[in-house]
Structure formats: C-alpha cells, structure tokens
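S.K.: Read off the chains here:
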Amino acid sequence: MVEGPAAGLCWERGMIARSSSTGDYAVLGVSLGLAAVFIYAGFEKIHDPLDFADSIAGFGILPVVFINPFALALPLFEIACGFLLLWPPTRRVGALAIALLSVMFFAALLSALLRGLTLDCGCFGSGAPSRPRMWIELGLNVVLAGGALLIYLRSTMVAPQQPA
Amino acid sequence: MSSVVSLNRLEPGLTGQSSKPIWCVLRDFACVALLAMASLAAGVVMNLLSDRPLPIVYQTTEQRFDADLTTLVTALPFKIAPAATVGLGEFHSAVESKSALILDARPSVFFEQGHVPGALNLARDAFARDYRQLAPLLKSATDKAIIVYCAGGDCHDSRLVANALMSLGFSNVRVFTGGWEEWSKARLPVSAGSGG
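Going down the list, the protein sequences come from chains U and L.
The first sequence lines up with residues 1085 to 1248 when you count with this note's numbering.
The second sequence lines up with residues 18 to 213 when you count with this note's numbering.
Derived from the structure by calculation, the hints contain no laboratory data.
It should be emphasised that the depicted structure is a prediction, and the values quoted were computed from it without experimental measurement.
Check each hint, because a few of them may be wrong.
[As the list claims (entries may be wrong)] Okay, the calculated beta carbon distance ranges per label pair:
hint, chain 1, residue 1, chain 2, residue 2, range
1, U, GLY1211, L, PRO206, 51 to 61 Å
2, L, THR87, U, ALA1110, 30 to 40 Å
3, L, ASP142, U, VAL1227, 52 to 62 Å
4, U, PRO1213, L, LEU43, 37 to 47 Å
5, U, LEU1116, L, PRO70, 29 to 39 Å
6, U, LEU1198, L, ASP160, 43 to 53 Å
Yeah, the Cβ is synthetic: ideal placement off N, Cα and C, and Gly gets one too.
Given the sequences, and given the hints that come with them, work out the whole structure.
M.R.: Structural data, given as structure tokens:
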C-alpha cells in the first residue's frame, strides 16, 4: 500500500485497505442501498422546505427557532451523506453521519408514538399522517442505522497498513 | 516517507486502526459536525435565493394564514380594485329584506357602540381573527351579496375589506360608501353590542 501525504487520516487508511481486499460485496451493497435511500429522501424534502418544516413542527420536539434552519439543512445533509457513501475514502464519515441521523429519527418517531401522536414524519416527502406508517418507518430506521453502523465498524476494524 | 508514517512508527497505538484510536472516532464526529454546518450554510443560501424563502423563525399554518389575510387588508388605497358601490336606498332595502350579508369593517369598539341591524363585525384591523370566525358563515351564504361599510366619509376600511374578500374568492361584494355616518344621520334603526 502506498502511503500518501494524507495517509495519517485514519478513515482514508481504512478505506484504502478495504478497496484492496478481495471485495466486500455486502458492504458495497449496503452502502449503495443507504446512499440511494438518503439521496432520494433528501431530494424529496428539498422541493418543499415549508412542508418539511410543518412535519418537523408536528413532532413538537424542536424549539420553534430551530425548525426552519433544520428544515433547510437536513435535506442537503442527507444528500451529502448519500454521496459520501458512494466514494470509498469518505464512506466512513458518511456511514457515521447516517447512523447518527437514523438514531435521531428513531428517537423522534418513538417519542411521537409514545405520546400518541399521529404524524406524517416527512421522511420521504409529504404524505398522510398514519401511525402504522410511523411504526414501519421506525423499523426502517433500525435497519438504516444497523447498515450504517456495519459499514462504519467494518471500516474501523481494518488492519493498519504497515509503511514500506 | 511522510512525517505521518514516522508518527505511526513511533506511536502505533495513536494512529493504528486495530487499536480503535479514540481520536479517529472523534475526528469522524468532527467531520460529521462540519458537514452539518456546511449543509446549514448551503441551505440558508439556497433559501435566500429561492422564490419563496422561509422566514428564519417557523410560523404555524394558522400564523401564516393570519399573515396572508393581514397582508390582504394592508394594500394602499390607490391600489384597491374598484369594488361596486351601493347608495343608502339600496343598502337600506338590502338590510330590511335581509337579502345581503352586511359587514361592518370598523373596529369592534365602534361596532359594539352601534351598528346597522343584522350586520356582522369584520373589522379591518382584526381581519384575520374575524375572518376565521366568520368564514363558515360567509362560505355558506355564497348566493347572497355581501355589502361592506365602515365609518363613512373618507374611510377606506370597507374598500380594503371588500378587496380582501374578493381576493379570497367572494365575487358579489359591494361597498356602502356612505357608511355608518350616512346611516345614522338618516335616523335609521341601529343595534348595539357585539351581536348582529
């Protein structure tokens, strides 16, 4: 393995090692799947930030002053995370970001469900408020967080490359 | 060989992947935080460049509706679309026969002191609040004409309210330009209190 000037960045070292392996198709497949989901979700939200802000407000968690900035930033953050997953050197950061996002979504949905709220979570654009759909999305977030954690942990457990 | 590699040789536990260096994880979190801040900055810029930018502070659907309604009645008088007008005779007969919905556009304090019998208070200065209360009634009586009046003379409240109602889809809206001044001078019947 060639040690470049930026080889001190641990995430790069890990992902370079991964790309040199015989091919971890599972990680690649999960990465592509997560990237597709988050890029799609981001573009669905970015069309109508007002609608997304209404969805966020429905959860009753964020203070009013943070709702609109969050509605403006989150779609771009999701799209960026999706693209980070597509490129091996940045996959690790993208995976961590998506894991954190999924945990946050899970907590918000669970909180709303426990409070008896019936909402449209706005996860994939606007839709009709539905509790069964909220439970499905709760489960989906578990899957997404699991996939992202898998990618992140796999990339951190790669054996270090010995310098020449 | 780069200085980083030298560091690896000296302190393998610091940079080696197999030892799960905490600083690597912290660096990843820092990268995520930077990404979040960059997303926020990009989102704010995109918002500023959009046709309908979001305000900094979120407004509920009701607040936005109120703001829209309030905007409807803050047009400058010279920009008001000319609503059809009625004179005292026609207005009086509409009140007598109850063939039209009569709306008083004056502030509620004046409405309570005295108003045309059967009139409803749709005050210009509290248009959003009053409209929300009266909307079901107004929408259920679309077959009736709506006649709006205010103090009379130079008052613009009746025209502003009529204009706002037309913007909201009410087509048969007219203004009694003589207003309360002409009605009361003619010594016609009056009602008092908050009810019609």
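S.K.: It remains to establish, for every hint, whether it holds in the given structure.
M.R.: Now the hints, each set against the structure:
1. The hinted window of 51 to 61 Å between GLY1211(U) and PRO206(L) holds, with their beta carbons roughly 55 Å apart.
2. The beta-carbon spacing between THR87(L) and ALA1110(U), approximately 57 Å, falls outside the hinted interval of 30 to 40 Å.
3. Against the hinted window of 52 to 62 Å, the Cβ-Cβ separation of ASP142(L) and VAL1227(U) comes to about 55 Å, which satisfies the hint.
4. About 39 Å separates the C-beta atoms of PRO1213(U) and LEU43(L), a value consistent with the hinted range of 37 to 47 Å.
5. Taking 29 to 39 Å as the suggested C-beta distance range, the pair LEU1116(U) and PRO70(L) conforms, at roughly 35 Å.
6. Roughly 49 Å separates the CB atoms of LEU1198(U) and ASP160(L), a value that falls within the hinted 43 to 53 Å.
Of the numbered hints listed earlier, the single one contradicted by the structure is hint 2.
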